[in-house]
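**Student:** Each chain, written out:
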Amino acid sequence: MANTKQLFSDTCNRLPVSIEVDQLKKQFGRFVVLDNISLKVEPGEIFVLMGPSGSGKSVFLDLLAGLSKPSSGRLSINQEDLQYVKKTKKYVMGLVFQSGALFNSMTIFDNLALYLREHRLFDEQEIKSRVTQILDMLALRNISEMMPSELSGGMRKRVALARGLLMEPDVLLFDEPTSELDPVMATSIIELIGYVNKQLRITTFIVSHDVVLAQTIGHHIALLNNGFIREIYTPQTLLQSSQPFLRNFLNPTINLNRPRFLSFLS
Amino acid sequence: MKLLQLWAFIFQLFFETCKELRYLPRQIGRCFEQCCIMGYQTLPIVGILSVFMGGILALQTGYSLSKLPGAQSFLGSIVGLSMCRELGPLMTAFLLTGRVGSAITAELGSMSVYREVDALRTMNLSPVRLLVMPRVVGGLFMMPFLTIFSTVLGWLGGWIVTQSVDFISINGAIYWRSLKQYVDIESVNDGLLKAEVFALVITLISSAIGLQTKGGPREIGASVTRTLVQSMIAILMLDYFVTKVLL
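The listed protein sequences correspond, in order, to chains A and B. Each residue of the first sequence is one higher than the one before, starting from 1 at the first, in our numbering. Each residue of the second sequence is one higher than the one before, starting from 1 at the first, in our numbering.
Among the hints, a few may not be true.
[As the list claims (entries may be wrong)] Derived DSSO-like pairs (lysine-lysine); straight-line CA-CA distance at most 30 Å: (1) A:K25 x A:K128; (2) A:K69 x A:K90; (3) B:K214 x B:K67; (4) B:K19 x B:K2; (5) B:K244 x B:K180; (6) A:K90 x B:K19; (7) B:K214 x B:K2; (8) B:K214 x A:K25; (9) B:K180 x B:K19; (10) B:K67 x A:K69; (11) A:K40 x A:K69; (12) B:K214 x A:K69; (13) A:K90 x A:K40; (14) A:K198 x A:K40; (15) B:K2 x A:K25; (16) A:K128 x A:K40; (17) A:K25 x A:K40; (18) B:K2 x A:K69.
If you are wondering where the hints come from, they were derived from the structure by calculation, not from laboratory data.
Excised from the complex, chain A in its bound form (with noise of 0.2 Å):
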């Protein structure tokens, strides 16, 4: 990995970008998914967004990638507002999709290089002497003719990865990057995405509900709850929370003899 920051030169000599969100509000007809959302991202940093199934993350994420469009509120990089943003073209966003979504119809190489073709930011020598580096780095050897469905859930997080790497985004967005694979390797996607920010202070912002995650890579910590924010965290103060929702988030109680599923039959 001695060559990341010589593959990624570009990326590196990039100031790191700001996000902010002011008072962000979806809503889908009368259903209100997030409301009056405010946060900010430092430049460099991975924030979690954490949050319970269906609370509203993924379509925050979406929000955030340029998706979707807020019903109200802003969203701003580098104080910059995103519809202007995605306009411009002025910032790249990469989203490392939950499934990956590599096109099926292309080998894992063409995959890589669909980006930086059909941008002409390179010749196809240098383009597939990119893709090669990136697919050793990654530990994805002797795949390049492979076809996304021939891969493991863990390749396809990796590949999506290094489309996303690819790109050399300001802003790298995950949507649930460790979920669906066994502990192993959701650690390793979880050290790789740390030791990405690390060497590239690119700005990450990771929905999740790794609680793991959340602790050994977040530089802050949001748990959405019910479309609201309440509060937004350091690993250190996550542990220190004494609030009855978050205890419960990070500390599930289980009860085999009263199932909370079950609990509307009583």
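Could you slot chain B onto chain A? The hints should help.
**Tutor:** Chain B alone, transformed into the frame defined by chain A:
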């Protein structure tokens, strides 16, 4: 309401596709790939159905005309004009809907459901440029060839029937002479114009429905059905209006 939204999206897709045509030289590989899928792979089924279509037309018409002395000498012109002005483009359009339109919807639908289209958007790559425009260009390029192929094989089917059925008492030379006498270049052009309109409609409808697909595998299946229904209704309605304008 849903139907209006779909047609608004189809028109939007049409204008976006026109806008993306400036990138055609860079997408020529993808266009060529679509031409192969639409043309080469559809050719055998178009051929088989067209031969039988021409044959059935000759059989039914020949039987009806056998009651009028001398009327069978017009069989060549009837089969010739019907195939090149109407049945050739229409049959090819229906086959393209079933074979290619459904495949486009299924492919783009699964790309939408599994977020591959969103992945393109986050890469600042236009899904219309990479996914829709090559399919529209491929359809527009291959449809005239398929239509001519279908028309000629339909004529051949008609000729085979005139030679092999007892109650049709004309020889091949009369069939071809009658066909050549009435089928002019204008009729062929009218058929090709219709074919181009149909190709545009099929590729746009199937792409639009594919890109609008949300949910899971069940919704992909429902989208394919929707493509077939919408395309066939649009083809028949357009066929009427285009024919009226051309006559």
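**Student:** State for each hint whether it applies.
**Tutor:** So, going through the hints one by one against the coordinates:
1. A:K25 x A:K128: Since the Cα atoms of K25 (chain A) and K128 (chain A) sit roughly 43 Å apart, the hinted pair is violated (cutoff 30 Å).
2. A:K69 x A:K90: holds, 18 Å
3. B:K214 x B:K67: violated, 58 Å
4. B:K19 x B:K2: holds, 26 Å
5. B:K244 x B:K180: holds, 24 Å
6. A:K90 x B:K19: Given pair K90 (chain A), K19 (chain B) holds - Cα atoms ~22 Å apart, limit 30 Å.
7. B:K214 x B:K2: holds, 14 Å
8. B:K214 x A:K25: Holds, because 23 Å separates the two Cα atoms, which is no more than 30 Å.
9. B:K180 x B:K19: Distance ~42 Å between K180 (chain B) and K19 (chain B) Cα, so the pair is violated.
10. B:K67 x A:K69: Violated - the C-alpha atoms of K69 (chain A) and K67 (chain B) are around 70 Å apart, more than 30 Å.
11. A:K40 x A:K69: With a Cα-Cα distance of about 19 Å, the restraint between K40 (chain A) and K69 (chain A) holds, given a limit of 30 Å.
12. B:K214 x A:K69: Holds, because 17 Å separates the two Cα atoms, which is no more than 30 Å.
13. A:K90 x A:K40: holds, 20 Å
14. A:K198 x A:K40: Distance ~19 Å between K198 (chain A) and K40 (chain A) Cα, so the pair holds.
15. B:K2 x A:K25: Distance of about 26 Å is within 30 Å: holds.
16. A:K128 x A:K40: Answer violated: K128 (chain A) to K40 (chain A) is near 37 Å, above 30 Å.
17. A:K25 x A:K40: holds, 16 Å
18. B:K2 x A:K69: OK: K2 (chain B) and K69 (chain A) at ~21 Å, within 30 Å.
Figure legend: structure checked against the earlier numbered hints; hints not met, in rising order: 1, 3, 9, 10, 16.
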